[in-house]
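K.L.:
Listed below, chain by chain, are the residues.
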Amino acid sequence: MKIIFRIVLILAAAAILGGAMYAAVNTVGASASFGERGERMRPTDGDGDREDMFRSEHEGRERDFDDGRGFFLPFGMVKALIFISVTAAIYYFAEQFTRRKKRLAV
Amino acid sequence: MSKTNKTKFLLDALTFISFLIAMDPRASGVSIHEWMTIALAATLIVHLLLNWDWIIQTTQKLFRGKINGARINYILNWLLFIDSVLIMLSGVLISQTVAPTLGWNLPQNFAWRELHDMSANFALLIMGLHIAMHWNWIVSVFKRLFTRGASNPVAVTEEA
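Chains as they are written, first to last, in the numbering used here: chain P, 1 to 106; chain D, 107 to 266.
Accuracy of the hints is not assured; some may be wrong.
Said to hold, decoys possible - Here are some chain D residues pointing at chain P (derived, C-beta under 10 angstroms): (1) L154; (2) N215; (3) F216; (4) A217; (5) A238.
Treat the hints as calculated values from the structure; they're not laboratory data. Where is the CB? At the ideal position from N, CA and C, for every residue including glycine.
Next comes chain D alone, as it looks inside the complex:
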């Protein structure tokens, strides 16, 4: 298995676990919730960088009208990106720990709280679909990573 695939898998697993922890601020506490989500923004950027080639290729195909099977995946990835931006923006605007620590005095707006909750719930749906679309890749890399010497007929292809 290529080193890139291993890195992608471990980073994605870490991101997913962090996402689950961040989804429960009651259990983790608001400070961990906020700082962990800031860290998640960094892992999101790394995730995009690792899948940059796929993004460029699919975008080019889309503009040439040659895209077929990856269209839903591409649209879904954009939705996930937009939703992530909305979660982080609304999260910063209603922040109780990060903004005061950084000395930001942000105006209170009830709409951002509603949007933060709604976008976080929507992210669960898109995340589920995102995982389903890459399930074969996840299973394949997991097997190669944790089952030594196991032959795997499924080719490990990389998709964003």
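Okay, chain P solo, but in the shape it has when bound:
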């Protein structure tokens, strides 16, 4: 019962945050053209080349996902791992350095 209550609490917190984000993005999207950039700028006259010109980088990536070309080298995974490692290392060594400095000062 306690665990169910905790799960509900986590989900409620996530729902409140998600709802606030959804409302914020839709409000911003309604007042500015940011939310509709892709749709609004795209030509509707059926000109294929011009449509490609206006197609966002993300749409190109979607096509790559599903075109059945098979296995991709996991560069994204390696990139993420390197980024996390570098961030962690910088923080860790900075913290160690600060601690050592404090200890020496005392």
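Given the coordinates of chain P, work out where chain D should sit on it, guided by the hints.
P.N.:
Same frame as chain P, now just chain D:
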């Protein structure tokens, strides 16, 4: 080593590997990317449940003004939670597999794509800091788990 620590470590390791796979939808494919991230939401909830006591204690200390060293960690954990919610919300809203499978017809909005990318990149930064803050615990549990009979002077303390 306590069973809870072992469970926490294995769950966190699994979550981290899944996170890395999910970070590369080009390699894994969009279906795996989406369904795996849904599963990651469940592991995130379990992670929070396993560290519930720390969350409650630190929150209480924060309201009493007695919190010192754990403040950055606490703020960082909240940022990670908010960012995770944003990644999942934007991911569901731009979903190509999960939403159609569940029969959801969601409106297309370019802003959610941008937000999904930005929040995922921001998650890398927070994840790096989160790991750095718990590095001593990670090393300690790893040694105890994989080095039989090794004496370890570092106390295995649990933090979210």
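K.L.:
Each of the hints needs a verdict: does it hold here or not?
P.N.:
Hints, verified against the model:
At a threshold of 10 angstroms, the smallest CB-CB gap from D:L154 to chain P is about 6 angstroms, leaving the interface hint in force. For the restraint placing D:N215 at the interface with chain P, the shortest Cβ-Cβ distance is roughly 5 angstroms, inside the 10 angstroms limit, so the hint holds. Annotation: interface hint on D:F216 holds; nearest CB of chain P at approximately 4 angstroms, less than 10 angstroms. The closest approach between the C-beta of D:A217 and any C-beta of chain P is roughly 4 angstroms, which is under the 10 angstroms cut-off, so the hint is satisfied.
About 4 angstroms separates the beta-carbon of D:A238 from the nearest beta-carbon of chain P, less than 10 angstroms, and the hint is met.
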